Amino acid sequence: MTKTVSPACAVSLCLLGVALHAIGAHAADGDWKRGRVYYQKVCTDCHGAKAGGAIAPNSRSIKDWTAYLSADRHARGKDALKKYVSREYRASIKGVNKAAEKYADVPDEQLFNDIRSFMLKGAKDGDSPASCT
Amino acid sequence: MQMPMHAAFRTIAVMAAMLMAAAAHGAPDAASAQLLKSTSDHSKFKVLQQDFQSGPEVTKACLSCHTEAARQLQLTQHWKWEFLNPDGRRLGKKNVINNFCTSVASNYAYCTTCHIGYGWKDDQFDFTAQENVDCLICHDTTGNYRKPSGFAGNVVTRDTEFPPGSGKVVKALKLRPIAQEVAKTSRDNCGACHFFGGGGDGVKHGDLDSSLASPDKALDVHMDATGNNFACATCHMTEGHQVPGSRYAPTAVDKGGAHLRGKERTGNPTTCQSCHGQAPHKANLAKLNDHTDKVACQTCHIPAYARGGIATKMAWDWSTAGRMGPDGKPLVKTDAKGRVIYTAAKGHFVLAENVVPEYAWFNGKVTYTLLGDRIEKSDQPTRINHFEGSASDGKSTIWPVKVFRGKQAYDPVNQTLAVLHMAGNDDTAFWTNFNWEKAVAAGMASVGAPFSGQVDFVSTESMWPITHMVAPAQSALKCRDCHASDGRLEKVSGIYIPGRGSDHATWLDGIGWALAALALFGALAHGSGRIFVSRRRT
Amino acid sequence: MARVYIFKRFERFWHWAQAALVVALLLTGFEVHGSYRLLGWERAASLHTSAAWLLIGLWLFAIFWHFTTGEWKQYIPTTEKVFAMLKYYLVGIFSDAPHPFRVTRLSKHNPLQRLAYLLVKVCINPLIWVSGLLYLYYNELGATVFAGPGLGAIALVHTAAAFLMLAFLIAHAYLATTGHTPLAHVKAMITGWEDLDDEPAHEPTRSHT
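Protein chains in written order, with this note's numbering: chain A, 1 to 133; chain B, 1 to 538; chain C, 1 to 209.
Just chain A, with the same shape it has in the complex (with noise of 0.2 Å):
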């Protein structure tokens, strides 16, 4: 059985009626349409289940993201997001998890930056808010 993502992440880009800033920078910027279905079905499948609930986006600001992101202390110091990023981990979880399975082959750097895409510009101050409801 695949299981929805149900109520985790349900993404809502919240378009109309909300303007904000672009924050420019677009070449350097990742994927960030891949960073979202990394971030959702690897990042929050583990977060929903395991970890206490899902981490929205929009809970923290850019700069908070980018200083978390830059010190990777991941839950509290445990780990490494390189470690969840790596294609060691997505190897490892390959068989259940189905987009660790078709970015088996992307670049560990790539795909740290395209999460990092993703979770600047969902961020509170972003420039598409992504919660997690």
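It is worth saying that the hints were derived from the structure and are not from the lab. As the structure is a computational prediction, the values presented were derived from the model and not from experiment. All C-beta atoms in this analysis are idealised placements derived from N, C-alpha and C, irrespective of residue type, glycine included. Among the hints, erroneous ones may be present.
[Claimed, not checked] A few chain B residues that don't get close to chain A, going by computed Cβ distances all over 12 Å:
1. Gly92
2. Asp188
3. Leu260
4. Pro326
5. Phe434
6. Arg480
[Claimed, not checked] Simulated crosslink set (DSS-like; lysine-lysine; CA at most 30 Å straight-line):
7. Lys184/B / Lys33/A
8. Lys33/A / Lys37/B
9. Lys263/B / Lys37/B
10. Lys171/B / Lys44/B
11. Lys438/B / Lys121/B
12. Lys282/B / Lys33/A
13. Lys83/A / Lys217/B
14. Lys217/B / Lys102/A
15. Lys395/B / Lys282/B
16. Lys124/A / Lys217/B
17. Lys282/B / Lys94/A
18. Lys102/A / Lys37/B
19. Lys63/A / Lys174/B
20. Lys184/B / Lys46/B
21. Lys60/B / Lys33/A
22. Lys46/B / Lys217/B
23. Lys33/A / Lys174/B
24. Lys83/A / Lys33/A
With chain A fixed as given, assemble chains B and C onto it according to the hints.
For chains B and C alone, kept in the frame of chain A given last:
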């Protein structure tokens, strides 16, 4: 948003550091380097390297290369919001009255937020001006393009207080980076409007909401972001900007085969059959292929809608709108899950997720109740629109539908539906002063329709085809879902469904069981007699 | 006691296989009809179809067998002794009167049996067979031949025939107990040998201790 200088500096420094780190880890090797599918990189075009001050400026730049685009778009329903029904009546967003927010007329500046144009603020809009076509709403890939409500579909490129005097500021949008990254449409583009029909996420259709922006396979086998990842246009295959598959012109029954490359396509490319053909089930399930003459694919393959975690509206009662809370402010009520089920502006709603559709014969014809049509308040709700079809017309199949039930304003004297002036910064708008008579008077005046001065409420019903959120095969309906009494198709008449009690000839079942009982009783009686006499003999 | 070999091996196989299939078809058929839930509609429907094909196959063999062996003549109806048989079942059987009919190899069914089986063979079976095939191939015929009556009419005939078969089955199963001992007929249908009462047999028989 303004960041303090030092914070901004730090952000930039961190970003730069990360980028350098990424570079140091190794540039992507040749094998994994992505081949750009498009032959052009729009960021390299001179004409797009300007600081656009308005939407139409961007459009002019687009048209300088894509010379025919605006003309193509101006032929479409997306542009005209008008559709000529085969029965000769004028439909389309511009003309119909529905039982959600009711009508576009007299509320243009708000509704046209979702128009693919700039500046449709009243009925004087110039539909021939090419620069009024909005290219970016469909071709933005950054996900950052937005048209705020109340601006008649315009983008806001300077921080603007809105509504005036409210102290709320609509932030400026930078068009340049957006224009430089345009590409083919994606689910996010179409979804920007179509996920939010009816005034909010998932409100109107039930099978279209923002959960489809990046769904998993369980939600939709075709759009599955980790699998097939269809864009809307994969099925709504568009040529020359003419998007096929409007619900105003539905193909209820497709008897054609799968569309093949190299063969001229004539049929609607959005039907299931246009890819799957007429006998999609494998030999071991061949009996299922026998169902396709009577049952639309969607009926079995979309077991429920609103499955993505976003509720859809099932009913809307306008008649209770306008209540104030104890604090004298417009009342808002939420349910246990925190979802809004009442607002003073809109009245009561019924919300639902994982909704089992209703089912109806549908032959592709839809009839509408339009402004000016005589309606009566009775036990039967007024049909805002109605799917035509029957078991016997030879052109219908059984379709899953969302039936949306409402109670909305009408003129009890003239017996017509009412055009409501809902939104606007004026004294007559309902959302400003909560006065029905004024709102209807202004609404009716805006379209030149007569109004008696009285407002009453009438029950209405509208039908929406369910066709998205196709579930994986293993979640499709099982035989017993319909082949049973009180099954999903219990109310669908005109067809014999094996296993459905209401189709039985009661006389035959009565006689049949009586006959069997008689045989059994006779045997028992005869047998007991034999046992009795043989006992007595011994 | 004298014995006569009346049911040949194929005949016995045919009888019991047919019995099993008919019971299976009735059970699954009425579930498909919607009378109860037992196996689940899907399984019932697919078992019903498979069993129907087996039965059709079996019938084809049986028809062939009946004609090549001449056994079909066993079903030629006769009025001779019909009333005697009726009287026996209604009265005689309770007073231990002698059975009015003697089984022989050339005439193994009593006149009532002849009539009943003939009725099954020329009325009920064809009704089931034809309506069942129409039911199964409704779609293929629907467009061309059978736009008219519709599935409902076909189902009606099929169901009616099924009820007749059910009534026959009950009566048949009961009447199988009316031999000289309650299980005599059943035993004959298993072994092929029918015990005869002590009266002399007209047919060559084999004695047995």
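Going down the list of hints, with the structure as the test:
1. Gly92: Fine: 20 Å to the nearest Cβ keeps Gly92/B off the interface.
2. Asp188: violated (7 Å)
3. Leu260: For Leu260/B, whose nearest Cβ neighbour in chain A is about 28 Å away, the distance exceeds 12 Å, so it holds.
4. Pro326: Label holds. Min Cβ-Cβ 28 Å, cutoff 12 Å.
5. Phe434: holds (21 Å)
6. Arg480: With a cut-off of 12 Å, Arg480/B remains clear of chain A, as the shortest Cβ separation is near 20 Å.
7. Lys184/B / Lys33/A: holds (14 Å)
8. Lys33/A / Lys37/B: At roughly 17 Å apart (the allowed maximum being 30 Å), Lys37/B and Lys33/A satisfy the hint.
9. Lys263/B / Lys37/B: Distance ~25 Å between Lys263/B and Lys37/B Cα, so the pair holds.
10. Lys171/B / Lys44/B: holds (27 Å)
11. Lys438/B / Lys121/B: holds (21 Å)
12. Lys282/B / Lys33/A: violated (35 Å)
13. Lys83/A / Lys217/B: holds (26 Å)
14. Lys217/B / Lys102/A: Holds, because 13 Å separates the two Cα atoms, which is no more than 30 Å.
15. Lys395/B / Lys282/B: holds (25 Å)
16. Lys124/A / Lys217/B: holds (29 Å)
17. Lys282/B / Lys94/A: holds (29 Å)
18. Lys102/A / Lys37/B: holds (19 Å)
19. Lys63/A / Lys174/B: holds (20 Å)
20. Lys184/B / Lys46/B: holds (20 Å)
21. Lys60/B / Lys33/A: Cα-Cα ~28 Å, so holds.
22. Lys46/B / Lys217/B: violated (42 Å)
23. Lys33/A / Lys174/B: Satisfied, since the Cα-Cα distance of roughly 20 Å is no more than 30 Å.
24. Lys83/A / Lys33/A: holds (21 Å)
Hints 2, 12, 22, counting from the list given before, are not met by this structure.
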